[in-house]
Amino acid sequence: MTFHFEVIFKNLDFLLNGLKITFLISIFSLFIGFFLGLVIAFMRISKSKLLSKIAIAYVEFFRNTPFLVQLFFFYFGLPELGIITEPITTAIIALGVNSAANNSEVIRAGIISINKGLVEAAESLGLTKFQVVRLVIIPNALRVTFRPLGSNFINLILTTSVAVSITANELMSNAMTLSSNSFRPFEIYLSILVLYCILTFSLSGIIHFVDKKFISKGIS
Amino acid sequence: MGQYIFPNLTGYDVQLLLKGMGTTILITLLAIAIGLAFGFVIGLIRSMRIPVVSKLLLIYIEPIRNSPLVAQLFFAYYGIAMVTNFSPSAFQAAVWTLGINTSAFAAVIVNASIRSVDKGQWEAAYSLGLTYWQTFRLVVVQQAIRVFIPSFVGLCVNQLQVSSLVSLIGFVDLTRVGYMLTLRTYRPFLIWSIVAVLYFVISYPISRFARYAETRVKAFGKIG
Amino acid sequence: MKKILLSLLILSVLLAGVTLGTDRLDKILKDGKIVVGIALGGPPIGFRNEKNEPMGYDVDIAKLLAEALGVKLEIVEVTGATRIPMLMSGKIDLVIANMTANLERAKSIDFTMPYLRTGIKILVRTGSDIKGIEDFNGRKVAIGRGTTGEALVKKMAPNTDFVYIEEFTNAILLLRQNKVEAAIEDGTLVDYMAGQYAEFESLPTLYTSDPIAIGVQKGNPDLLRWTDMFVSQLISNGIQKELYEKWWGVEPTAQLNYVW
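Residue numbers (the working numbering), protein chains in the order written: chain A, 797 to 1016; chain B, 13 to 236; chain C, 666 to 925.
Where hints are given, some of them may not hold.
Stated by the list, open to error - In the SDA-like style, the derived pairs of lysine to any residue whose C-alpha atoms are separated by at most 25 Å in a straight line are: (1) C/K772 x A/L812; (2) C/K819 x A/L812; (3) C/K906 x C/K695; (4) B/K31 x C/P719; (5) A/K849 x B/V209; (6) C/K716 x B/R199; (7) A/K806 x C/S773; (8) B/K131 x B/I112; (9) C/K805 x C/L838; (10) A/K845 x B/R220; (11) C/K695 x B/F98; (12) A/K816 x A/V803; (13) B/K67 x A/L812; (14) B/K67 x B/A124; (15) C/K728 x B/G182; (16) A/K816 x A/V932; (17) C/K883 x A/F801; (18) C/K772 x B/T96; (19) C/K716 x B/M192; (20) C/K716 x C/L729; (21) C/K805 x C/L817; (22) C/K698 x C/M894; (23) C/K698 x B/G182.
Keep in mind the hints are simulated off the structure, nothing from the lab.
Could you put the whole structure together from the sequences, leaning on the hints where they help?
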């Protein structure tokens, strides 16, 4: 059996265009996922029973239904309500909203893990509730949550490949198009598996490095 | 032949959805079985820290855990057939890809569970004259399993969700049934809501069990 | 001594010829079943009815073929992207999937004589201002990966916003929700959809006159020859015409040629 990997090199720019879209989707949904996750986490631990219940329902829904189904629901279902949807934007929102559920659990664990004594000490120094949250809780929680959140982000990048099902022209989609036109699925799909791995490992390495150097020092 | 738009769902559609549910549960269970079998062996070997082999197994584990399942599915279903004499059916590709994918994650959980058992336990057992396997069987397993079960059940829940991706290689699972129904009825909002609820109904009880198991682990930890 | 060696050599060459002659046709007849790849994403050529059974023009042809061969028919669903790889890898014996026979594809697989002639047409929402491929530039058009339509649009309107779909029915949902302004596919699929739904119409222009043929894996001359004869007799018996009228309700526009 002969292999024809040259089809990859001849079409590298086409594949890399897809990679650009993958990055685009990933970065934007990362932001949505993080900040929304923060909100949900605080709702979950808030004293209001209503807010807490809503947060729990949110997390349970997104973790117990498939992302693909959520994506189809947003992309094809919402237009029935009059909302116009576009592939890349929908992918960003769906991915952001989904990852927020996962992130909120991680952040919640991080907040709970904070030594009560720290919070009490800060309060006794006369800091307001908001200042306590901003200066004590969030930075300390972040130290614990940085690596798991990083791992969630890596998962998010891998999940962008699902967006091919709603006609987004990201890496997976371009690989499929290339495969259909060159009849070389083995070489192409193997190569993008490797490409995704390279991406993931590099990011893992960066997260590990940043964690060691900047996050894991100081009080905790 | 001309009746292509059914605004209302018929009893037949309900049948299709139930069949889809059954298929999804079936392939998930098969994948979990494969994943547990392979994952246990690999995780066990990794935990024993055998010099060369343990590191080599990372070549299996890491690429699978760090690449998208969609790409793995397409590679298995379309790619392998192009270079070998074996061309898998959608069912075979779906179950085995999902299974091997599960096994990589399971191996990590198995390894972590075994390692979580305090070194002192091993040392105490050895000083009593027990062999590695005796120690493993009589002392370590019980403790490791309490750590293993919550994580593993969580993995099962996750694999149930990602099993929906097999619809992208045309395999008729619950998601594919939903897709077929949206084309026929033109009511994606309704259909995807129903499909989501059906997945939830299967998944939530298992998820709750994982959480329950986790609290039992913590409780046991306090006593032991 | 030389005579013995020579006759042994001739004998082994003959035997090799016999054992190497494993044409797919032999395997099909031995197994008693033929595996045909059919695209089920677009009526009336290939689709699934409410009972999820495959139906359509291509399905009927496959059924008649299996019957003529005296074997069981097994249908495997394929798409524009998968039909050729699956044929080449031996996953399926034949492709009857609205596949256009062209020289590029013929480098990888063999084609029988055409069992249908059609062309590429455009599907739009009724009243759209798109009148032809020239109008595609800068607009979203649903296109199947690896289809004849894709190659055509890349040549004639390279600035089109390509929205790739796996099956033609995806295009219907996209058109309906205004996510694309047009879909380009085989005329038979397009005309059918336009006829079914008043909200869609097919543009009159027929791009290319394409022979639709059955695909056979290279290296199987027996199977190819037999299938050729089957198609030819389908045409000469008038059955092809009947099938066309059954699924489109009109007489076929292009007259097909037959050899036997």
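Each hint, compared with the structure:
Of the pairs offered as hints, the one joining C/K772 and A/L812 is violated, with about 29 Å between alpha carbons and a cut-off of 25 Å exceeded. Distance restraint check for C/K819 and A/L812: the Cα-Cα separation of roughly 19 Å lies within the 25 Å cut-off, and the hinted pair is therefore satisfied. For the hint linking C/K906 to C/K695, the alpha-carbon distance of about 32 Å lies beyond 25 Å, and the restraint is violated. For the given pair, B/K31 sits about 18 Å from C/P719 by alpha-carbon distance, which is consistent with the 25 Å threshold.
Taking the CA atoms of A/K849 and B/V209, the gap is about 19 Å. The hint holds against a cut of 25 Å. With a C-alpha separation of about 19 Å, the suggested pair C/K716 and B/R199 falls inside the 25 Å cut-off, and the hint holds. Taking the CA atoms of A/K806 and C/S773, the gap is about 20 Å. The hint holds against a cut of 25 Å. Taking the CA atoms of B/K131 and B/I112, the gap is about 31 Å. The hint is violated against a cut of 25 Å.
Simply put, C/K805 and C/L838 have alpha-carbon atoms about 14 Å apart, close enough for the 25 Å limit, and the pair holds. Only pairs whose Cα atoms come within 25 Å are accepted, and A/K845 paired with B/R220 is accepted, the gap being roughly 20 Å. At roughly 20 Å between alpha-carbon atoms, C/K695 and B/F98 fall within 25 Å of each other, so this suggested pair holds. For the given pair, A/K816 sits about 20 Å from A/V803 by alpha-carbon distance, which is consistent with the 25 Å threshold.
Proximity of B/K67 to A/L812 is assessed by CA-CA distance (about 32 Å); at most 25 Å being required, the pair is judged violated. For the proposed pair B/K67 and B/A124, the alpha carbon gap of about 15 Å is at most 25 Å, so the pair holds. Distance restraint check for C/K728 and B/G182: the Cα-Cα separation of roughly 22 Å lies within the 25 Å cut-off, and the hinted pair is therefore satisfied. Between A/K816 and A/V932 the alpha-carbon distance is near 37 Å, which puts this suggested pair outside the 25 Å criterion.
Using a Cα cut-off of 25 Å, the hinted pair C/K883 and A/F801 holds, with the two alpha carbons roughly 23 Å apart. At roughly 20 Å between alpha-carbon atoms, C/K772 and B/T96 fall within 25 Å of each other, so this suggested pair holds. For the hint pairing C/K716 with B/M192, the CA-to-CA distance comes to about 12 Å; that is within 25 Å, so the pair holds. A C-alpha spacing of about 21 Å is found between C/K716 and C/L729, which places the hinted pair at or below 25 Å, so the restraint holds.
The straight-line distance between the Cα atoms of C/K805 and C/L817 is roughly 15 Å, inside the 25 Å bound, and the hint therefore holds. Under the criterion of a C-alpha separation no larger than 25 Å, the hint pairing C/K698 with C/M894 is consistent with the structure, at around 19 Å. Restraint check for C/K698 and B/G182: satisfied, since their Cα atoms lie roughly 23 Å apart, inside the 25 Å limit.
Checked against the numbered hints given earlier, this structure breaks hints 1, 3, 8, 13, 16; the rest are met.
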